[in-house]
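Asks: Here is how the chains run, residue by residue.
There are 4 protein chains.
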Amino acid sequence: MIVVLKPGVCEEKKSQLTDWLAGQGLSVHPALGGSQTILGLVGDPSRLDTSLLESLEIVDSVKPVSDPFKCCNRKFHPDDTVISVGEAKFGGGHFSMIAGPCSVESEEQIVAVAQSVKAAGAQVLRGGAFKPRTSPYDFQGLHELGLRFLETAKRETGLPIVTELMNSKHLPLFDNVDIIQIGARNMQNYDLLKELGSVKKPILLKRGLANTLKELLMSAEYIMASGNEKVILCERGIRTYESTYTRNTLDLSVVPVLKGLTHLPVVVDPSHATGHAHLVEPMAMAAAAAGADGIMIEVHNDPPHALCDGAQSLTPEQFAHTAGKIFRIREAMEG
Amino acid sequence: MIVVLKPGVCEEKKSQLTDWLAGQGLSVHPALGGSQTILGLVGDPSRLDTSLLESLEIVDSVKPVSDPFKCCNRKFHPDDTVISVGEAKFGGGHFSMIAGPCSVESEEQIVAVAQSVKAAGAQVLRGGAFKPRTSPYDFQGLHELGLRFLETAKRETGLPIVTELMNSKHLPLFDNVDIIQIGARNMQNYDLLKELGSVKKPILLKRGLANTLKELLMSAEYIMASGNEKVILCERGIRTYESTYTRNTLDLSVVPVLKGLTHLPVVVDPSHATGHAHLVEPMAMAAAAAGADGIMIEVHNDPPHALCDGAQSLTPEQFAHTAGKIFRIREAMEG
Amino acid sequence: MIVVLKPGVCEEKKSQLTDWLAGQGLSVHPALGGSQTILGLVGDPSRLDTSLLESLEIVDSVKPVSDPFKCCNRKFHPDDTVISVGEAKFGGGHFSMIAGPCSVESEEQIVAVAQSVKAAGAQVLRGGAFKPRTSPYDFQGLHELGLRFLETAKRETGLPIVTELMNSKHLPLFDNVDIIQIGARNMQNYDLLKELGSVKKPILLKRGLANTLKELLMSAEYIMASGNEKVILCERGIRTYESTYTRNTLDLSVVPVLKGLTHLPVVVDPSHATGHAHLVEPMAMAAAAAGADGIMIEVHNDPPHALCDGAQSLTPEQFAHTAGKIFRIREAMEG
Amino acid sequence: MIVVLKPGVCEEKKSQLTDWLAGQGLSVHPALGGSQTILGLVGDPSRLDTSLLESLEIVDSVKPVSDPFKCCNRKFHPDDTVISVGEAKFGGGHFSMIAGPCSVESEEQIVAVAQSVKAAGAQVLRGGAFKPRTSPYDFQGLHELGLRFLETAKRETGLPIVTELMNSKHLPLFDNVDIIQIGARNMQNYDLLKELGSVKKPILLKRGLANTLKELLMSAEYIMASGNEKVILCERGIRTYESTYTRNTLDLSVVPVLKGLTHLPVVVDPSHATGHAHLVEPMAMAAAAAGADGIMIEVHNDPPHALCDGAQSLTPEQFAHTAGKIFRIREAMEG
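Protein chains in written order, with this note's numbering: chain A, 3 to 337; chain B, 3 to 337; chain C, 3 to 337; chain D, 3 to 337.
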């Protein structure tokens with residue numbers, strides 16, 4: 003950490019600060035020059051409150067020089083983490099597709115969608131049983147029954163399943179779930195994140211609507227520091243001033259940025275980001291070209307009658323078409 | 003709800019759509035004119051997925067005409083809700099101040115702060131026992147012990163207390179808490195909101211970092227529709243592109259906007275919004291002048307040694323000065 | 003335009019409003035139903051101030067149903083506009099690459115860069131002679147001399163040139179420029195836009211940092227309505243809350259959205275959006291995969307000594323590598 | 003400026019960098035500690051490209067320690083700049099009100115409004131003659147005729163006038179204008195800013211929709227470094243994700259922040275920020291309570307028939323009421 007002092011601070015105050023910092027177990031390395039004094043702090047500054055230091059009268063600014071995330075930091079773990087479930091692999095050059103409906107609505111529906119997305123090349127089935135909805139008056143999912151239908155679809159197709167957990171009380175119901183999704187709204191529900199540390203399943207952690215990449219990595223850190231290293235990060239669009247033509251703004255530059263900062267795999271959800279079926283294919287292709295380790299796409303057998311997010315769902319036929327184009331993009335990247 | 007059709011849609015498709023809408027229990031009132039057809043839908047359109055309708059080939063756009071929030075809507079409940087705890091009243095022309103440290107650190111600390119903020123005119127004591135922190139490595143609060151210290155401060159001063167709940171499992175510990183705070187990060191933790199419906203205490207609901215006012219009201223609606231009508235809304239700054247000089251952007255226009263939309267009281271937290279002690283007083287005064295029903299301010303007896311958010315805390319002396327200025331603003335408004 | 007009246011408005015006020023609207027030359031089509039009255043307005047509502055109507059006591063809301071942009075609207079001009087300069091074509095399935103340094107620094111530099119980007123497949127040379135800089139103390143470009151050097155590079159390589167115009171006074175110097183760029187900061191400099199109507203050259207119009215797509219299209223409309231239909235739209239990143247790891251947020255979903263709304267070609271500038279050379283290749287590939295009609299990339303023969311934006315420039319070798327990958331993406335899309 | 007090197011950089015590369023920096027005329031002060039080397043640079047680093055330094059292989063990050071703005075920096079000019087026109091004074095504890103219509107529409111209109119706002123306590127008359135409009139099809143102002151009507155109103159009431167300049171070609175028409183306004187869309191029209199350096203009138207510089215405070219100050223710097231030190235800064239709302247209930251988000255914390263960073267006066271325009279007449283009074287009061295040096299409010303004698311922005315205009319009666327409340331707030335602050 004670097005502490006920049008205000009110009010013209012007297013020696014007495016400087017040495018008071020230096021003594022106080024030393025008392026916190028830090029060694030202090032001053033760089034003097036002209037009117038400005040800069041202190042380099044070495045040691046473990048994690049107990050220091052940056053904004054507190056900044057508020058001291060003689061301090062101009064404080065600048066951290068090390069990343070606050072450890073477990074997920076690529077600096078300390080240079081090789082890609084590869085996460086495998088069934089035949090799906092994410093990371094380390096592997097790319098997989100997750101597909102399925104926003105909500106599980108019936109056994110027939112989820113089995114039919116599972117069969118069609120498997121035939122088109124998807125390796126993981128998605129489907130919501132517990133649905134976070136902005137309005138208390140909207141359909142909230144089939145809950146336990148939805149999980150049972152997902153299990154049937156898994157048995158019939160062999161596809162591993164991913165579904166969202168909103169409350170740790172429901173964990174006992176998730177025994178046969180292969181990947182647990184934490185939604186954007188719960189990305190900073192720290193109590194929930196901590197409980198995932200003792201779960202032995204991969205976690206698909208979605209970036210919150212207005213969360214920075216550092217915050218996303220710190221939330222991954224909560225899970226990893228609690229004992230579960232299998233985290234997949236997911237970009238699903240951020241909230242910006244533009245919301246007329248797309249629901250959110252898909253921030254694809256996070257793909258190469260995150261892959262530089264962390265060894266964890268990064269997948270992209272173009273369905274929730276855009277909110278419109280006709281934008282899913284171009285953005286899925288763009289995500290693959292940007293280097294994503296996987297794509298998550300909503301597919302519904304009958305979008306006009308979907309109970310949730312029908313407008314952004316592809317039909318099975320559209321998904322098969324999109325999947326074909328994504329495979330060609332992937333080949334072009336490797337070629 | 004209004005459905006605008008694309009120009010030149012044939013009569014057959016129009017009547018198919020009209021029939022389908024009628025089948026959903028809606029009566030359809032077409033307004034024909036020039037090349038454009040507009041359908042007015044009357045009935046309960048809550049089961050209709052707006053974005054789904056919008057995705058139909060013949061539909062140009064769909065525009066809701068009624069608010070999705072009911073319980074908190076001023077249209078159906080014109081009089082201000084007044085929430086009283088101890089000597090504090092929020093709403094209906096009443097204004098109260100909540101003050102105290104970010105975190106409870108010790109019995110001595112919280113009792114001393116409580117005494118000083120009471121002397122300066124605060125009617126409610128705040129203090130965090132369970133702290134949501136971005137990093138798993140940061141101080142997370144004293145938990146149950148912190149609640150016990152708050153109770154001591156309440157006993158010694160008579161001030162009612164407000165503190166944050168992050169997990170419904172902790173509710174049994176909150177028996178002596180007077181107002182339960184739901185933090186910005188949990189504003190859309192719907193399972194938690196639903197459980198607050200059966201709690202017989204006021205809830206202080208903070209706006210999430212990037213949540214719209216409609217979303218804030220829908221989260222209040224979750225609590226109210228579950229049975230608890232005592233909700234206080236709190237603006238605490240939103241995330242914008244400007245984060246160099248202030249932590250977040252305090253959005254004071256929400257005060258008059260919310261007071262038009264809802265009968266619930268609205269308080270403002272200038273401490274978390276700005277992140278800097280020297281900005282708290284001007285923004286607290288501005289909040290009072292904008293018509294807020296209360297203010298929540300961080301006060302710490304020793305900000306440089308605060309375990310959390312010391313940089314934004316006022317000293318008891320600074321708080322007394324700020325409180326005096328706020329009282330003068332309130333008088334000027336009534337005068 | 004649709005006007006939604008408040009519930010319970012009396013007939014007299016309704017007919018006053020209807021008469022007033024009719025007096026503005028609009029025919030009014032009421033759709034009555036339940037407690038709500040909806041008026042559909044047909045005619046030319048362009049002289050009506052939407053926000054004014056909204057402010058009337060009896061009006062609940064006003065919703066436009068037609069797009070405010072005409073000349074650039076795909077509804078009235080379904081075929082893609084194709085813009086050709088030299089061997090470059092943008093739109094209608096054609097894809098071209100623009101490359102070159104941020105600033106023209108010397109004749110040797112610009113000629114050398116022009117030769118290398120041509121060899122790598124670029125069809126247009128870029129280079130700034132008039133540079134908009136945040137600080138008045140930063141290098142502002144070589145001005146007229148820079149334009150002369152660009153012309154030399156054009157003569158030597160045959161590449162058409164694109165460069166930024168900041169002030170219409172400089173137009174006489176731009177005779178040999180092939181495409182005039184209007185930068186993000188001048189996207190709503192309406193006086194400048196109007197003067198481009200009488201210029202017989204394509205205009206590359208960059209989206210402003212916080213401008214909506216509608217505003218971008220309205221700025222294109224200023225140029226087109228003034229007489230110049232040759233406008234190329236350019237996405238170059240928007241300002242969001244995330245600015246630690248990328249300079250701006252590249253909003254690639256605008257590519258398919260704009261191509262639906264307008265017949266004008268859309269190019270993407272990943273260099274300014276990301277601000278970091280190592281992010282340019284993945285985002286350029288993503289832009290091509292999203293369906294962009296072209297890419298604009300900064301290339302400098304010696305980035306560490308560039309006078310402007312060196313950190314985001316590719317070397318000629320890096321550009322050749324990136325260009326090869328983009329060609330493969332384009333083939334995969336057509337294959 | 004501070005340069006943080008990556009851990010484990012060899013001595014040879016370090017000394018190459020140090021030599022190169024010294025060659026740029028900077029003296030280099032290394033602070034060594036643990037695995038991290040930090041270089042403090044002293045001298046004039048303005049010619050160094052920060053992002054370039056950051057792109058070097060051995061550099062982890064670069065952190066500026068001094069402000070890029072000089073002329074407007076309070077550090078070098080501790081006393082408030084006071085700007086006087088007619089009886090209005092801005093800064094140094096003085097507070098003045100600017101009021102008038104968005105657009106000048108006729109001589110009768112502007113004279114009538116001028117008389118009424120003067121009677122209510124306004125010291126400056128505003129009125130637009132050249133109007134920047136998003137659409138080329140909207141009313142663009144009366145141009146020279148509008149300026150003549152403003153002059154009449156000035157003659158009749160004695161009020162100095164402020165009006166917007168969009169194009170330096172129009173400067174000769176502005177001889178009798180007292181304060182020249184530069185609108186939000188032209189805040190970074192640098193050629194225009196430079197030409198204001200030779201104008202001997204105060205400039206009211208509005209913050210752009212998505213500009214940081216640093217950018218606002220750098221734009222003031224363009225004017226001041228070109229020779230005109232009389233700049234008034236104006237906050238008029240920024241673009242955020244919330245635009246349903248307010249047009250923009252009024253960022254009042256900039257008032258105390260700017261007053262700390264600069265000696266220039268700061269005024270607030272609540273009319274454009276909110277876009278709704280009923281929000282103007284509470285936000286004007288809040289701005290005064292936050293410490294603004296002045297307020298700019300739109301007033302129209304007949305808002306429903308205003309040619310521009312009628313929805314956000316107060317009537318003269320409403321303005322008189324608001325002005326009275328603002329005076330009481332100002333008294334309370336001084337009391």
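Treat the hints with caution; some may be incorrect.
Heads up, the list lumps identical chains together, so a pair's fine if it works in one copy or across two of them.
[Said to hold, decoys possible] Below are the SDA-like pairs computed for lysine to any residue, each with C-alpha atoms no more than 20 Å apart in a straight line: (1) Lys16 <-> Asp62; (2) Lys203 <-> Gly88; (3) Lys65 <-> Tyr247; (4) Lys77 <-> Pro9; (5) Lys203 <-> Val84; (6) Lys77 <-> Val11.
In case anyone wonders, no lab produced these hints; they're calculated from the structure.
Asks: For every hint, state whether the structure bears it out.
Replies: Against the structure, the hints come out as follows:
1. When the C-alpha separation of Lys16 and Asp62 is checked against a cutoff of 20 Å, the pair qualifies only within one copy, where the shortest distance is 13 Å, while the shortest distance between copies is 27 Å.
2. For the identical chains of this complex, Lys203 and Gly88 are intra-copy neighbours only, at 12 Å inside a copy versus 48 Å across copies, given an alpha-carbon limit of 20 Å.
3. In this homomeric assembly, Lys65 and Tyr247 come within 20 Å of each other (Cα to Cα) only across copies, at 14 Å, whereas the closest approach inside a single copy is 39 Å.
4. In this homomeric assembly, Lys77 and Pro9 come within 20 Å of each other (Cα to Cα) only across copies, at 10 Å, whereas the closest approach inside a single copy is 35 Å.
5. Within a single copy, Lys203 and Val84 get their C-alpha atoms as close as 13 Å, which meets the 20 Å cut-off; across copies the closest is 48 Å, which misses it.
6. Taking the shortest alpha-carbon separations for Lys77 and Val11, only the inter-copy value of 14 Å comes in at or below 20 Å, while the best intra-copy value is 37 Å.
Hint compliance for this structure: every hint is met.
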